[in-house]
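Novice: Please model the complete structure; the sequences and the hints are all you need to start from.
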Amino acid sequence: MIREIARNDMQNPLAGPDVWPVEAGEAVVMLPELARRIEGIIMPVPLRCKEDRAAMAAETLAHFASRTGLMQDGEPVETVIVDFVANLMHLCEHIGLISPGYNKFPDLLATAEMHFEMDQYPDDE
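Numbered per the working numbering, the sequence shown spans residues 1 to 125.
Check each hint, because a few of them may be wrong.
Stated by the list, open to error - Derived DEER-like restraints, expressed as beta-carbon distance ranges:
| hint | residue 1 | residue 2 | range |
| --- | --- | --- | --- |
| 1 | Glu78 | Gly40 | 25 to 33 Å |
| 2 | Glu39 | Pro76 | 20 to 28 Å |
| 3 | Phe116 | Ala86 | 17 to 25 Å |
| 4 | Gly96 | Asp123 | 33 to 41 Å |
| 5 | Glu93 | Gly40 | 30 to 38 Å |
| 6 | Gly101 | Ile42 | 42 to 50 Å |
| 7 | Asp83 | Met118 | 23 to 31 Å |
| 8 | Met118 | His90 | 25 to 33 Å |
| 9 | Leu88 | Asp119 | 14 to 22 Å |
| 10 | Met56 | Leu109 | 17 to 25 Å |
Hints are computed from structural coordinates only; laboratory data are not their basis. What you are looking at is a predicted structure, and each value in this text was computed from that prediction instead of being measured. Backbone N, C-alpha and C fix where the C-beta goes; we use that ideal spot for every residue, glycine too.
Specialist: Shown next as structure tokens:
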């Protein structure tokens, strides 16, 4: 489905109709295919564009889904994202970013959304 790409290949192998965008409810098993964009790149992975960032997230979610059994269950990707975000919230609580009287998580999400929006039009900086 996705051809192998060279390390410096700037073409977008994720832009085809058979891969991108992912439809709601699509099984988590597609995450490794999306992650292949950055496969084999020596760390740190250069994040040159939105597609590279999406591939990095897909790689992370695929690992999470594999470790939790969600990959084997063929869960929708939305389920994996929700479970991962919930686990991030547990981590935030564990390290003190969420407490009964304080919740930094919405601020973190707002900052992430701002980064996402800035990445939509990188030439507008």
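Novice: None of the hints should be skipped; say for each whether it holds.
Specialist: Now the hints, each set against the structure:
no.	hint	result
1	Glu78 - Gly40: 25 to 33 Å	holds (28 Å)
2	Glu39 - Pro76: 20 to 28 Å	holds (23 Å)
3	Phe116 - Ala86: 17 to 25 Å	holds (20 Å)
4	Gly96 - Asp123: 33 to 41 Å	holds (38 Å)
5	Glu93 - Gly40: 30 to 38 Å	holds (36 Å)
6	Gly101 - Ile42: 42 to 50 Å	holds (44 Å)
7	Asp83 - Met118: 23 to 31 Å	holds (27 Å)
8	Met118 - His90: 25 to 33 Å	holds (28 Å)
9	Leu88 - Asp119: 14 to 22 Å	holds (20 Å)
10	Met56 - Leu109: 17 to 25 Å	holds (18 Å)
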